[in-house]
Amino acid sequence: MSSRSPIPTATSSRSPNASRNDVLLALTIAQAATAWVAATCVVPNDRQQREWKLVRQEDVASGFSRTSWRITFSGRMLDKPSVELRLPGAAPVVAAGDVRISFASANGGRSVEWRATNGASSLDLHVSHGLEVNVEADLDPAVDHMNTEGPLAVVCTVGGREPASTELVVAAGGAWSVKLFESTAHRRYAVQVVSWGRELTRPLGPGWLRGRFAWAVEATPIFAQTRPSRLYGSGLAPVVWRWNFEPRPKWSAFGELSMGGLWTSDPIPEKSTRANFTAHWGGGVRLNVAARHRLVIGYRFQHISNGNQLGSNPGVNSHVVLAGLSLTRPH
Numbered sequence: 009m010s011s012r013s014p015i016p017t018a019t020s021s022r023s024p025n026a027s028r029n030d031v032l033l034a035l036t037i038a039q040a041a042t043a044w045v046a047a048t049c050v051v052p053n054d055r056q057q058r059e060w061k062l063v064r065q066e067d068v069a070s071g072f073s074r075t076s077w078r079i080t081f082s083g084r085m086l087d088k089p090s091v092e093l094r095l096p097g098a099a100p101v102v103a104a105g106d107v108r109i110s111f112a113s114a115n116g117g118r119s120v121e122w123r124a125t126n127g128a129s130s131l132d133l134h135v136s137h138g139l140e141v142n143v144e145a146d147l148d149p150a151v152d153h154m155n156t157e158g159p160l161a162v163v164c165t166v167g168g169r170e171p172a173s174t175e176l177v178v179a180a181g182g183a184w185s186v187k188l189f190e191s192t193a194h195r196r197y198a199v200q201v202v203s204w205g206r207e208l209t210r211p212l213g214p215g216w217l218r219g220r221f222a223w224a225v226e227a228t229p230i231f232a233q234t235r236p237s238r239l240y241g242s243g244l245a246p247v248v249w250r251w252n253f254e255p256r257p258k259w260s261a262f263g264e265l266s267m268g269g270l271w272t273s274d275p276i277p278e279k280s281t282r283a284n285f286t287a288h289w290g291g292g293v294r295l296n297v298a299a300r301h302r303l304v305i306g307y308r309f310q311h312i313s314n315g316n317q318l319g320s321n322p323g324v325n326s327h328v329v330l331a332g333l334s335l336t337r338p339h
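Note that this note's numbering gives residue 10 to position 2 of the sequence shown, counting from 1, and the numbers run on in steps of one.
These are calculated hints, taken from the structure and not from any lab test.
Don't be surprised by glycine CBs; every beta carbon is placed ideally from N, CA and C.
One thing to keep in mind: the hints can contain errors.
[As the list claims (entries may be wrong)] Okay, the calculated beta carbon distance ranges per label pair:
| no. | residue 1 | residue 2 | range |
| --- | --- | --- | --- |
| 1 | Leu-160 | Trp-289 | 26 to 34 Å |
| 2 | Gln-57 | Arg-218 | 34 to 42 Å |
| 3 | Trp-289 | Asn-126 | 44 to 52 Å |
| 4 | Trp-259 | Glu-59 | 52 to 60 Å |
| 5 | Pro-211 | Pro-52 | 43 to 51 Å |
| 6 | Pro-246 | Leu-303 | 55 to 63 Å |
| 7 | Asn-126 | Trp-204 | 30 to 38 Å |
| 8 | Gln-57 | Asn-142 | 53 to 61 Å |
| 9 | Asp-87 | Thr-165 | 37 to 45 Å |
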């Protein structure tokens, strides 16, 4: 009688932990990229039911933020729900109720002139799959259906309000003090500041006052007085209340109030303390230089004093002018 070895049965080698890890990975990937529709445009009474969308993709994988723009197109002539066209390096100007983009690839294979407002707008889009497939190998041939064959009258809806954002600012500048109450004049000092802030509200307020409230924390790694004597210090302001006004196409403005502390190598002013309270009010503008990068120019009136710890409260009141860079991303 021959003996047979038992036939092995197939069993899964994956552990429950591996399955959970796959689920977590899928959730992480889903959260890593967020899309925002800046504008949606259609042709009135169009039998082909054509629709163009300008979409911003925000990829925050691995802790880094990368912004890209693309156009998605749908219509009855397609054999799929939609087709998309990437716009590498594009930097649309997005403001309240207004989106503008002017883009052209180096070889002329794709170009976009788009002015979208809520209502009557204009779109001029050209793309040649034959030219662009050499640049983007996986480009869908159906992108040719996006062509408007010259400027096209469309009706647009500018996307819902842009997501609230976080902002990192690195700036430096100089200050000169003025005589005011018990404060001393004729001081000169330089500062370097780093702040991180987060918008906490939707757009609020009427007219030109409309904006968002943000809370920021600001560090002053470098405080260097050059007149009347040399001294050095650093500071921290855990309370920076910032009002970000609604952005314009090429710039935006902000105002802020701050409270914090400053620690210096010698008392400032003289006969005061080395540890002082700080406060400032001010504002500035951000000038758009890229999709998420801004040049920041700001002014603040800064107060430094001991908070009456010594029975008297000599202080320093100064005009401060700053310039730096801002990096924002949606949250």
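Verification of the supplied hints:
no.	hint	verdict
1	Leu-160 with Trp-289: 26 to 34 Å	violated (49 Å)
2	Gln-57 with Arg-218: 34 to 42 Å	holds (35 Å)
3	Trp-289 with Asn-126: 44 to 52 Å	violated (35 Å)
4	Trp-259 with Glu-59: 52 to 60 Å	violated (31 Å)
5	Pro-211 with Pro-52: 43 to 51 Å	violated (29 Å)
6	Pro-246 with Leu-303: 55 to 63 Å	violated (26 Å)
7	Asn-126 with Trp-204: 30 to 38 Å	holds (33 Å)
8	Gln-57 with Asn-142: 53 to 61 Å	violated (31 Å)
9	Asp-87 with Thr-165: 37 to 45 Å	violated (26 Å)
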